[in-house]
Structures are given as structure tokens and as C-alpha cells.
Amino acid sequence: MTPKCQIILNRTRERHFKAGQYVTGIVKFSIYKPKRYDSIDISFEGRGKCSWTQTDSPDDTIIITNKEEYVSINKNLFTPVGDEMVEPGDYEYPFEFLLPDDIPSSVKTDFCRIHYTIFVRFEKKRTFGAEVKLENEREVPVYGFVEPLTRGPAPFKVEQKLRSFNPNNKITVKGVIDRTFLSPSDIIRLKMMVTNDSNVAISIKSKLVRHNTYISKEKYSTTYVSERSIPGTKETSPLIRANSVTKLERIIPVLDTLYSIQYSKIMEGEFEVKVTIKAPFPYGKEYARVPVVIGWTKEEYAALIQRELPPSYSEAISGNN
1 MTPKCQIILN RTRERHFKAG QYVTGIVKFS IYKPKRYDSI DISFEGRGKC SWTQTDSPDD
61 TIIITNKEEY VSINKNLFTP VGDEMVEPGD YEYPFEFLLP DDIPSSVKTD FCRIHYTIFV
121 RFEKKRTFGA EVKLENEREV PVYGFVEPLT RGPAPFKVEQ KLRSFNPNNK ITVKGVIDRT
181 FLSPSDIIRL KMMVTNDSNV AISIKSKLVR HNTYISKEKY STTYVSERSI PGTKETSPLI
241 RANSVTKLER IIPVLDTLYS IQYSKIMEGE FEVKVTIKAP FPYGKEYARV PVVIGWTKEE
301 YAALIQRELP PSYSEAISGN N
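Residues 1 to 321 (our numbering) are what the sequence shown spells out, left to right.
Mixed in with the good hints, there may be bad ones.
[Said to hold, decoys possible] In silico lysine to any residue, SDA-like type, Cα no more than 20 Å apart, as pairs: (1) Lys33 / Val107; (2) Lys274 / Arg289; (3) Lys207 / Asp256.
Quick caveat, the hints were computed from the structure, so don't treat them as lab data. All values derive from a computational prediction rather than experimental measurement.
Build out the structure end to end from the sequences listed, making use of the hints.
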């Protein structure tokens, strides 16, 4: 029977831990009668695994997988001396694990899971047979740092030519987003100039999309890409009449739960602003994609924390003079 065990994390303001931070807390467990354990250990591990199926024909379906390890730290809490037993009582052990700087954020999708876990293992060997390992575990939410692709405004252009005898029967959208590196809870400002030289009314749809790429280089070297719209970010403009020029502006919200996934060899989690020209049937659609990175760099996060710290005594005194 596994001893009653609690893994208590010291809470952070954000309710998650950042790369480069210490994960701290206390493990508590109770022993009700003398027990023989060969080892009691507390460990912190970060692992990732992706998996999907690939079908080339009805009779040819394979499962593609990949995995990697980001961190593995083990600390011994108890090792017996001779025939030493663990006596009945309540036990508490503080713990501290340092997160590396270059790790990806926790994430769970239909095809991939990256997670960080603290677990306590009570291990004992039997005279005959295999070892017995009794474990208690707790998942630790982790946000990794990211690096921007660029920082300034990002211009884009998308053009759609409609089939007709008029060579100028086309729609052109020229636009810019104000920034390509954003923090969670930020906003994206999108400005567009729509030149509709066609003979049909059109509309412009814009949204933020999540673009995940899953990577396998084990038995099969291949990738799988999935794309999903971010809820609450899609907007379609009013109809833009034929042979007209229209200015459009909008704000795209960045949810506080959004975060780019970097520093992983099995998954790339990216975001894009997608702008689409919607012409009536039978015309198709044309679109532009503008990559954006969402998250914090290590330096910017440290500066943010420093700004939010209360002033020192000397700073407070000098400020009052």
C-alpha cells in the first residue's frame, strides 16, 4: 500500500512556473507502522511525446511517434543503514528544483503532450521477484521563454485576380500589423487598405490561428501540421462594393492562455495572423499569413518582475524627500 503522500507546491503569482525559476514546495507523507524501504526519492522530470497516424492506403497505416526529455533531477530522501526501518510518524521534506532556461512550455494537444512532473517513489526489493515501486505524482505547469522572429511592424500584401476579359479585374489588400512579438493578454493592431478593382462585392476575414508542427525523426522522418482558429479572434468586414477603395482597422485580442512553443525537437507551436479575401462563388479565396510569436524573453520577464517589486527602504526614503 502506498503511504499517504502530499506534494505541496509553493504558489506563484501567475499560478505557473517560468523557465529558469526554482520549483519549490514540501512533500508530506505518513507512515502508520514500521516499514522497510530500500529508497525514498523525490524526482522532477520534464518529458514530451507526440503521436499520430499516417495512412498512405487503406492497407498501409502506420503510427508515427517521437519523444524527448527536457529535465530529469532526482533527490534521495531516505536510504536505510543496515536493517533500518522507517518508523511510524508524519514526515516533511522541503524540495527545490531549478528549471533550465531552454525548455518548452507545458502543452497538451490531440497529437502531443509536453509536461513536467514531480513524483515521490517508495522503493522496496522483494526477496523473490521484482522490485516494488510505489509512486505519488503531481504535474507542474511550466512556461518556457521564447525568442522573437522580428519585433517591429510587419507589412503584408494579398492579391486575387478574378477570371474575366478585364485584366484589371482584381482585389488587392495591403496591410500591416503593429508588432510580431507579443505577450499573453496583449492585442494586435491590424490596418488594411483594400482596393477592389473587380466587378463584385467582397469581404475581408481576419483571425489569429494556431499552427502546430509535429516532428518525428525516429523510425520515420516526417512531420504533421495542424491548424486551428483561436476562438474570439475571427472578424469579417462589411461588404466592400465593386470598384472602391476601403480602409479597415481592427484589434485582435491575444488570450492570456496563448504561448508559442519553442525549444522542442518534437513540436513547434506557432501563431499567425491570417487575412483572407472572400469573393462570391465561383471565385476562390486568397489569403496572407503573418507569423507572430507570443510569450516572454528571459530578459523582458526579469525586467517586468523588477518593475513590479516594491521599492527598497532607501528608494522609498529618497522618494519622500
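- Item | Ascending list of hint numbers which this structure does not respect | 1
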